[in-house]
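Novice: Given the coordinates of chain A, assemble chain B onto it according to the supplied hints.
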Amino acid sequence: MSDNNSVILKGNKDGIVVMLDKDLEFEAIKSALYKKVTDAKKFFGNSKTSILFKGRSLTDIEENELLEIISHGSDLNIAFVSVPDTGSSINKKEEPVIQVNPQTIDDALNRVSSIQNNTIFHKGSLRSGQALRHIGSIVIIGDVNPGGEIIAEGNVIILGSLKGVVHAGCSGNYDCFVAALNLSPTQLRISDIITYIPKHMNKTYTVAPSLAYIQEKQIYIAPLV
Amino acid sequence: MSEVIVVTSGKGGVGKTTTSANIGTGLAIAGKKVVLVDADIGLRNLDVIMGLENRIVYDIIDVIEGNCRLKQALIKDKRYSNLYLLPAAQTKDKDAVSPEQMQKLCESLKEEFDYIVIDCPAGIEQGFKNAIAGADRAVVVTTPEVSAVRDADRIIGLLEASDLKNPVLILNRLRIDMVKRGDMMTIEDVTEILAIDIVGVVPDDESIVVSANRGEPAVLDEQSRAGQAFRDISRRLMGEEIPFMDLDTNENFFSKFKKLFGA
Numbered sequence: 001m002s003d004n005n006s007v008i009l010k011g012n013k014d015g016i017v018v019m020l021d022k023d024l025e026f027e028a029i030k031s032a033l034y035k036k037v038t039d040a041k042k043f044f045g046n047s048k049t050s051i052l053f054k055g056r057s058l059t060d061i062e063e064n065e066l067l068e069i070i071s072h073g074s075d076l077n078i079a080f081v082s083v084p085d086t087g088s089s090i091n092k093k094e095e096p097v098i099q100v101n102p103q104t105i106d107d108a109l110n111r112v113s114s115i116q117n118n119t120i121f122h123k124g125s126l127r128s129g130q131a132l133r134h135i136g137s138i139v140i141i142g143d144v145n146p147g148g149e150i151i152a153e154g155n156v157i158i159l160g161s162l163k164g165v166v167h168a169g170c171s172g173n174y175d176c177f178v179a180a181l182n183l184s185p186t187q188l189r190i191s192d193i194i195t196y197i198p199k200h201m202n203k204t205y206t207v208a209p210s211l212a213y214i215q216e217k218q219i220y221i222a223p224l225v
Numbered sequence: 001m002s003e004v005i006v007v008t009s010g011k012g013g014v015g016k017t018t019t020s021a022n023i024g025t026g027l028a029i030a031g032k033k034v035v036l037v038d039a040d041i042g043l044r045n046l047d048v049i050m051g052l053e054n055r056i057v058y059d060i061i062d063v064i065e066g067n068c069r070l071k072q073a074l075i076k077d078k079r080y081s082n083l084y085l086l087p088a089a090q091t092k093d094k095d096a097v098s099p100e101q102m103q104k105l106c107e108s109l110k111e112e113f114d115y116i117v118i119d120c121p122a123g124i125e126q127g128f129k130n131a132i133a134g135a136d137r138a139v140v141v142t143t144p145e146v147s148a149v150r151d152a153d154r155i156i157g158l159l160e161a162s163d164l165k166n167p168v169l170i171l172n173r174l175r176i177d178m179v180k181r182g183d184m185m186t187i188e189d190v191t192e193i194l195a196i197d198i199v200g201v202v203p204d205d206e207s208i209v210v211s212a213n214r215g216e217p218a219v220l221d222e223q224s225r226a227g228q229a230f231r232d233i234s235r236r237l238m239g240e241e242i243p244f245m246d247l248d249t250n251e252n253f254f255s256k257f258k259k260l261f262g263a
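The listed protein sequences correspond, in order, to chains A and B.
Following the numbering used here, the residues of the first sequence are numbered contiguously, the last one being 225.
Following the numbering used here, the residues of the second sequence are numbered contiguously, the last one being 263.
Chain A with its partners taken away, still in its complex shape (with noise of 0.2 Å):
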């Protein structure tokens, strides 16, 4: 059994990319990558990466144990996992795409700040069963609970907790962002595009301060820090 070329890890300017063989089992997989990233724990050092896992359609669970090996196989600090655009059974379009590329983000907020829009800020939190409604933008210095809402024609910037339901250009501006100092919010809707952050994203990817925009009709997330 080969397993110098079951599992090859490659760096690029997007962070890590794990080329993993499509037909070996899963376990064979599992302790080729461990042995790579082993042997390559000095190279990697403590840097702040993101991984992408390409060549072979991955659960959830699959996907975690990966990362798990590769987290406790070396001293990486995995930023980001990107999600592949390869074909997979799982349909990853509902879901929101976490982007790295620093190009990227930079055009992205470039875009979403010129819209002009009266602003209103709001002091203290949101509990469950409250609203906020208006025109512009909003700014919230607090938290939104799980089951408190924020529609805006704006954009919306959470400074604090974001665990409730925000609708950021909701009469159809496509342009307008969601951020929070921790994006996790129940649902997330931009214009008239909805999503929500699944379960595997959420604990590890959006509790730093996060951006949601919108580009080509599929919302993307990206790091504020």
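What the hints contain is simulated information worked out from the structure, not anything from laboratory work.
The C-beta atom is built at its ideal place from N, Cα and C for all residues, glycine as well.
Treat the hints with caution; some may be incorrect.
Partner residues are not named here, just some residues of chain B that face chain A (Cβ under 7 Å, in silico) [stated by the list, open to error]:
#: 1; residue: E3
#: 2; residue: K78
#: 3; residue: R150
#: 4; residue: I193
Specialist: Structure of chain B alone, referenced to chain A:
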């Protein structure tokens, strides 16, 4: 200085009636003159929990409609002569009372009693609005479950919008073993969302079921850990600073042994 405390939650079944009975009794044990008011009209339970159901002649609706004097409807507790119950009506429903009538009732009760503990019904409609009408402060009860916390958050929002700012929280039916396994929300998970002060944490305890069936509040049972927690809560409501109970009970022989050697 009399105080009207309303015990509310939003969600049903989290322990409002149990809490009302136990903190009321706890305050009476401490020597205060206390009246428990069952505001759950149509679905009364407080009388059963207190073991006083056979003594009901008049109820809160009779008082409000003027069929009897307030004193005639008040039932003295079996065990403490400074503890009274004003039962709810079972054959009416919550639209039989208005917030103004409740407020007037609370004002009359304040002339006689140190503490008036109002057991609020579940929900956010008329029953809730009536129960909070005459209250000075609110105690919100929740269990460490997502649905209960969601409803508690709603209730707190409604309380803060009314005159009852600064409600305090009781976290009921906590199971430390499940929390340790990661199967139950922690105290911090709950307070992170609700963001109000905790006045007590009550462990899940079989003695509550037993005491409810017997009509003897758990605070009267020295062995009951839930009873101990409610006794502490009563004292904290009176302004005393009581350290929180150590809820960690799972001491098998081996861990006791380890502790002996300073592990």
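Novice: Evaluate each hint against the coordinates.
Specialist: Hints, one by one, checked against the model:
1. E3: violated (25 Å)
2. K78: violated (40 Å)
3. R150: It holds, given that the least Cβ distance between R150 (chain B) and chain A is near 5 Å, below 7 Å.
4. I193: Cβ of I193 (chain B) sits 6 Å from chain A, so the hint holds.
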